[in-house]
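Undergrad: As a plain string of letters, each chain reads:
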Amino acid sequence: MSGSGQDQAPAPARGEERIVIDPVTRIEGHARITVTVDGNGAVTGARFHVTQFRGFERICLGRPMHEMPAIMARICGICPVSHIVASSKACDEIMAVAPPPAAVQLRRVINLAQVVQSHALSFFHLSSPDLLLGFDAPAGDRNLFGVAAAEPWLARDGIALRRFGQTIIETLGGRRIHPGWVVPGGVGRPLEHDQRNAILAAVPEALAAARRGLRWYREQLDRFSEEVESFGTTPMLSMGLVHDDGTVAYSDGDLRVVDGAGTVVADGIDPRTYHEHIGERARPDTYLKATYWKPLGHPDGLYRVGPLARLNVADRLGTPEADDRLGEYRERLGRTPQSPFHYHEARLIEILHGITMIGEILADPAVLDPHVRAGAAVNRNEGVGVAEAPRGTLFHHYRVDDDGLVEWVNLVIATGHNSEAMDRAVAEAAARHVRADRLTEGMLNRVEAAIRCFDPCLSCSTHALGEMPLVIELRDAAGVLLDRAARP
Amino acid sequence: MTSCAGDVPVAGLVIGVGNPLRGDDGVGAAVARAVAHVERVWALAVTQLTPELGEALAAAPLAVIVDARVDLPPGSIHQERLTGTEARRHAAVLGHHLAPAQLVDLTRLAYGWVPPVFVVGVGACDFDRIGALSGPVAAAVPDAAAIVSALLSAPVASPGG
Chain A
1 MSGSGQDQAP APARGEERIV IDPVTRIEGH ARITVTVDGN GAVTGARFHV
51 TQFRGFERIC LGRPMHEMPA IMARICGICP VSHIVASSKA CDEIMAVAPP
101 PAAVQLRRVI NLAQVVQSHA LSFFHLSSPD LLLGFDAPAG DRNLFGVAAA
151 EPWLARDGIA LRRFGQTIIE TLGGRRIHPG WVVPGGVGRP LEHDQRNAIL
201 AAVPEALAAA RRGLRWYREQ LDRFSEEVES FGTTPMLSMG LVHDDGTVAY
251 SDGDLRVVDG AGTVVADGID PRTYHEHIGE RARPDTYLKA TYWKPLGHPD
301 GLYRVGPLAR LNVADRLGTP EADDRLGEYR ERLGRTPQSP FHYHEARLIE
351 ILHGITMIGE ILADPAVLDP HVRAGAAVNR NEGVGVAEAP RGTLFHHYRV
401 DDDGLVEWVN LVIATGHNSE AMDRAVAEAA ARHVRADRLT EGMLNRVEAA
451 IRCFDPCLSC STHALGEMPL VIELRDAAGV LLDRAARP
Chain B
1 MTSCAGDVPV AGLVIGVGNP LRGDDGVGAA VARAVAHVER VWALAVTQLT
51 PELGEALAAA PLAVIVDARV DLPPGSIHQE RLTGTEARRH AAVLGHHLAP
101 AQLVDLTRLA YGWVPPVFVV GVGACDFDRI GALSGPVAAA VPDAAAIVSA
151 LLSAPVASPG G
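Sequence order for the protein chains is A and B.
By our numbering, the letter at position 334 of the first sequence is numbered 334, and the numbering carries on one by one without gaps.
By our numbering, the letter at position 60 of the second sequence is numbered 60, and the numbering carries on one by one without gaps.
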């Protein structure tokens with residue numbers, strides 16, 4: 001793909017200059033942002049570029065279908081559970097089986113545990129430094145160490161919520177990263193009585209941490225009204241899974257789409273027909289595959305997914321305390337908030353809901369049923385599996401031959417749905433906060449923070465950015481250096 | 001992997017770091033496995049150090065981190081006592097993993113206390129074998145385990161966390 005320009009921004013027009021933020025920090029994956037400014041220093045546009053390439057659709061070709069969940073678990077070190085759930089559901093379709101009821105519930109539990117731990121990582125580890133210390137705080141302090149130094153309880157609660165979710169994943173799946181327990185037809189083994197009791201015993205502490213985090217966030221929100229208004233508030237569609245009764249769904253349910261005013265645009269869409277409703281498009285400046293809602297076309301059909309969108313599409317969450325918090329959220333922000341900044345609060349409400357749901361599901365003794373897996377050979381040559389990953393709706397679509405060997409794969413990843421919404425957020429944040437004749441760390445951090453609201457997971461593979469330098473130079477049309485910002 | 005015995009106070013925490021699928025990188029896990037049977041030892045095998053380990057570290061009276069090192073002759077063993085420093089905390093904060101000194105720092109900041117922490121490094125050379133240690137590194141595992149056991153049983157000065 002070298003030379004195709006997919007990691008390059010469009011060339012600036014005559015008289016324009018380009019500001020590059022590379023890498024974007026405190027996100028999952030490697031990306032850069034380019035901001036173009038005109039001769040007067042005014043921002044004329046901004047783009048979010050994903051510069052790493054994921055080739056799992058090719059890697060899987062020729063593999064036996066039953067291997068797919070285990071292979072797909074390796075696609076991401078942050079949300080492997082969502083991938084194995086979606087992958088196993090696609091295989092369920094190919095086998096034409098329905099997993100036993102206990103397996104369905106256990107899949108829900110492990111997917112919710114994934115949501116809780118991933119959201120905790122996003123909020124407490126990656127975004128709380130900005131919220132606690134401010135967007136203009138020294139870059140060296142805007143990290144988990146800075147949080148631990150200023151508000152140790154906040155760091156401890158983030159760690160505790162991560163541990164809560166990861167321990168459940170380890171208990172059920174055998175390990176915290178890349179578990180292989182969710183399999184075609186159900187799950188690999190039943191839940192033991194002692195395991196259930198241990199998870200249930202941890203619920204109250206986790207709920208307390210979730211409540212503290214949400215309360216603290218709401219106390220901070222008034223400090224960020226300018227960011228709330230400038231991080232990409234363009235009204236657009238929201239998409240997510242809901243149950244028949246309108247409650248939010250994570251591991252099953254049908255697709256619902258609402259517009260910026262909250263009007264239902266589509267409802268009861270069988271996710272297996274996603275390709276009839278969702279258009280996919282490649283772009284020359286990013287490896288991220290963008291999507292749009294086909295009936296409205298592009299760009300009118302742009303939509304968001306993830307916590308903000310899930311709360312927008314669902315009538316309610318289905319657990320009383322989380323629904324109370326959702327009611328307060330809607331009372332303050334409207335029925336379908338459009339600022340990506342509110343992803344943070346939606347994420348915290350989902351943590352509260354997820355922990356509660358885990359407790360409710362596991363309180364039912366039926367979850368201990370030893371019948372957890374349905375077996376069958378290939379009964380169809382095609383299957384689609386869907387799940388709500390922490391960052392949004394995730395589709396796995398496979399075609400196999402009569403021997404179950406994979407012939408074709410399509411993955412639609414949550415962050416891809418948000419691709420163009422993130423572009424809008426970056427452009428709006430840059431236009432509002434970047435003063436092209438004098439770059440500051442706080443300006444650039446706000447542009448990055450607009451992206452962090454979406455919590456993008458870019459590579460869907462394990463990675464660590466490590467110690468990455470950042471140098472930004474602003475030059476005029478004659479090449480004269482106007483300003484330089486460096487991150488050691 | 002854990003041998004923490006429920007409510008019984010642990011004598012020490014052993015964290016073996018590395019990926020057993022990458023040859024000698026798995027020596028940390030091998031040493032952790034070797035001491036897991038020791039009474040009141042809480043042994044963990046992890047692929048990398050993460051902030052979540054701060055909870056376990058803060059709850060332990062003493063901790064030993066075992067990891068492979070490429071700057072030592074294969075099979076040789078080096079031990080040192082760690083003290084987290086402010087200067088170290090700023091490095092590599094963009095990723096998901098921490099250096100041992102950073103984990104010590106973070107634990108002290110978040111939990112207000114950190115136990116004495118030792119790092120035992122084992123010289124490693126071959127990272128291509130899947131699930132197997134090279135000869136010299138495999139031969140060093142019993143010695144490294146003995147060093148870890150000795151550290152866990154010896155009295156140490158308070159870190160003054």
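Hint data in this document are derived by calculation from the structure and do not stem from the laboratory.
Hints are not guaranteed to be accurate.
Said to hold, decoys possible - Counterexamples of contact, computed for chain A against chain B with all Cβ distances above 10 angstroms:
{"hint": "1", "residue": "D22"}
{"hint": "2", "residue": "A149"}
{"hint": "3", "residue": "A155"}
{"hint": "4", "residue": "R156"}
{"hint": "5", "residue": "R162"}
{"hint": "6", "residue": "R163"}
{"hint": "7", "residue": "L200"}
{"hint": "8", "residue": "A202"}
{"hint": "9", "residue": "A208"}
{"hint": "10", "residue": "H243"}
{"hint": "11", "residue": "D315"}
{"hint": "12", "residue": "P370"}
{"hint": "13", "residue": "R399"}
{"hint": "14", "residue": "W408"}
{"hint": "15", "residue": "N410"}
Said to hold, decoys possible - Stretch by stretch, here's where chain A covers chain B in the computed footprint (C-beta under 8 angstroms, at least three residues):
{"hint": "16", "stretch": "59-70"}
{"hint": "17", "stretch": "124-132"}
Said to hold, decoys possible - DEER-style ranges, computed between Cβ atoms:
{"hint": "18", "chain 1": "B", "residue 1": "L21", "chain 2": "A", "residue 2": "W408", "range": "53 to 63 angstroms"}
{"hint": "19", "chain 1": "B", "residue 1": "L21", "chain 2": "A", "residue 2": "H298", "range": "39 to 49 angstroms"}
{"hint": "20", "chain 1": "B", "residue 1": "R40", "chain 2": "A", "residue 2": "R218", "range": "39 to 49 angstroms"}
{"hint": "21", "chain 1": "B", "residue 1": "S153", "chain 2": "A", "residue 2": "P101", "range": "24 to 34 angstroms"}
{"hint": "22", "chain 1": "A", "residue 1": "G134", "chain 2": "B", "residue 2": "L21", "range": "37 to 47 angstroms"}
{"hint": "23", "chain 1": "A", "residue 1": "N410", "chain 2": "B", "residue 2": "L21", "range": "26 to 36 angstroms"}
{"hint": "24", "chain 1": "B", "residue 1": "F127", "chain 2": "A", "residue 2": "A198", "range": "31 to 41 angstroms"}
{"hint": "25", "chain 1": "B", "residue 1": "H97", "chain 2": "A", "residue 2": "T247", "range": "33 to 43 angstroms"}
{"hint": "26", "chain 1": "B", "residue 1": "A138", "chain 2": "A", "residue 2": "E321", "range": "49 to 59 angstroms"}
{"hint": "27", "chain 1": "B", "residue 1": "P142", "chain 2": "A", "residue 2": "R218", "range": "40 to 50 angstroms"}
{"hint": "28", "chain 1": "A", "residue 1": "I59", "chain 2": "B", "residue 2": "P142", "range": "37 to 47 angstroms"}
{"hint": "29", "chain 1": "B", "residue 1": "D126", "chain 2": "A", "residue 2": "I59", "range": "42 to 52 angstroms"}
{"hint": "30", "chain 1": "A", "residue 1": "G140", "chain 2": "B", "residue 2": "D126", "range": "30 to 40 angstroms"}
The beta carbon of each residue, even a glycine, is placed where N, CA and C say it ideally should be.
Undergrad: If a hint holds in the structure, say so; if it does not, say that too.
TA: Here is what the structure says about each hint:
Non-interface call for A:D22 relative to chain B: holds, since the shortest CB-CB distance, roughly 12 angstroms, exceeds 10 angstroms. Taking the minimum C-beta to C-beta distance to chain B, about 5 angstroms, the non-interface status of A:A149 is violated against the 10 angstroms cut. Not every Cβ of chain B is farther than 10 angstroms from the Cβ of A:A155; the closest lies at roughly 4 angstroms, contradicting the non-interface assignment. Once the 10 angstroms rule is applied to beta carbons, A:R156 is inconsistent with being away from chain B; the minimum gap is 5 angstroms.
Residue-level check failed: A:R162 sits 5 angstroms from the nearest beta carbon of chain B, not beyond 10 angstroms. With a closest Cβ-Cβ approach of about 5 angstroms to chain B, A:R163 is found to fall inside the 10 angstroms limit, against its non-interface label. A:L200, annotated as away from the interface, keeps every beta carbon of chain B farther than 10 angstroms; the closest lies near 17 angstroms. No beta-carbon of chain B comes within 10 angstroms of the beta-carbon of A:A202; the shortest separation is about 12 angstroms.
A:A208, annotated as away from the interface, keeps every beta carbon of chain B farther than 10 angstroms; the closest lies near 15 angstroms. The claim that A:H243 is not at the interface with chain B holds, since no C-beta of that chain comes within 10 angstroms of its own (minimum 32 angstroms). At the 10 angstroms boundary, the C-beta of A:D315 stays outside the reach of chain B, the nearest C-beta of that chain being 35 angstroms off. Against the 10 angstroms criterion, A:P370 stays outside the reach of chain B, whose nearest CB is about 26 angstroms from its own CB.
At roughly 31 angstroms, the least C-beta separation between A:R399 and chain B is larger than 10 angstroms, which holds for a residue marked as non-interface. Listed as a non-interface residue, A:W408 keeps its Cβ farther than 10 angstroms from every Cβ of chain B; the least gap is roughly 29 angstroms. The Cβ of A:N410 sits about 28 angstroms from the closest Cβ of chain B, beyond the 10 angstroms cut-off, so the non-interface label holds. Residue count for the stretch 59-70 of chain B with a Cβ under 8 angstroms from a Cβ of chain A: 0. That is fewer than the three needed, and the coverage hint is violated.
Coverage of the stretch 124-132 of chain B by chain A is violated in this model, with 0 residues showing a Cβ closer than 8 angstroms to a Cβ of that chain against a need of three. Separation of B:L21 from A:W408 is about 29 angstroms and departs from the stated range, judged on CB atoms against 53 to 63 angstroms. The supplied range of 39 to 49 angstroms is met by B:L21 and A:H298, whose beta-carbon atoms lie about 43 angstroms from each other. Separated by about 44 angstroms at the C-beta atoms, B:R40 and A:R218 satisfy the suggested range of 39 to 49 angstroms.
Range check, B:S153 to A:P101: Cβ separation about 51 angstroms, and the 24 to 34 angstroms hint is violated. Our hint of 37 to 47 angstroms for A:G134 and B:L21 holds, since their Cβ atoms are close to 42 angstroms apart. In this structure the supplied range 26 to 36 angstroms holds for A:N410 paired with B:L21, their Cβ-Cβ distance being about 29 angstroms. For B:F127 paired with A:A198, a C-beta distance near 36 angstroms keeps the hint of 31 to 41 angstroms intact.
Between B:H97 and A:T247 the CB atoms are about 37 angstroms apart, so this pair conforms to the stated range of 33 to 43 angstroms. The given range of 49 to 59 angstroms is respected by B:A138 and A:E321, whose C-beta atoms sit roughly 53 angstroms from each other. Checked against the hint of 40 to 50 angstroms, the pair B:P142 and A:R218 fails, with Cβ atoms roughly 56 angstroms apart. Evaluation of the 37 to 47 angstroms hint for A:I59 and B:P142 yields a pass: the beta carbon distance comes to about 40 angstroms.
Roughly 26 angstroms separates the CB atoms of B:D126 and A:I59, a value that falls outside the hinted 42 to 52 angstroms. Between A:G140 and B:D126 the C-beta distance comes to about 37 angstroms, which sits within the given range of 30 to 40 angstroms.
In terms of the numbered hints stated before, the structure departs from hints 2, 3, 4, 5, 6, 16, 17, 18, 21, 27 and 29, listed from lowest to highest.
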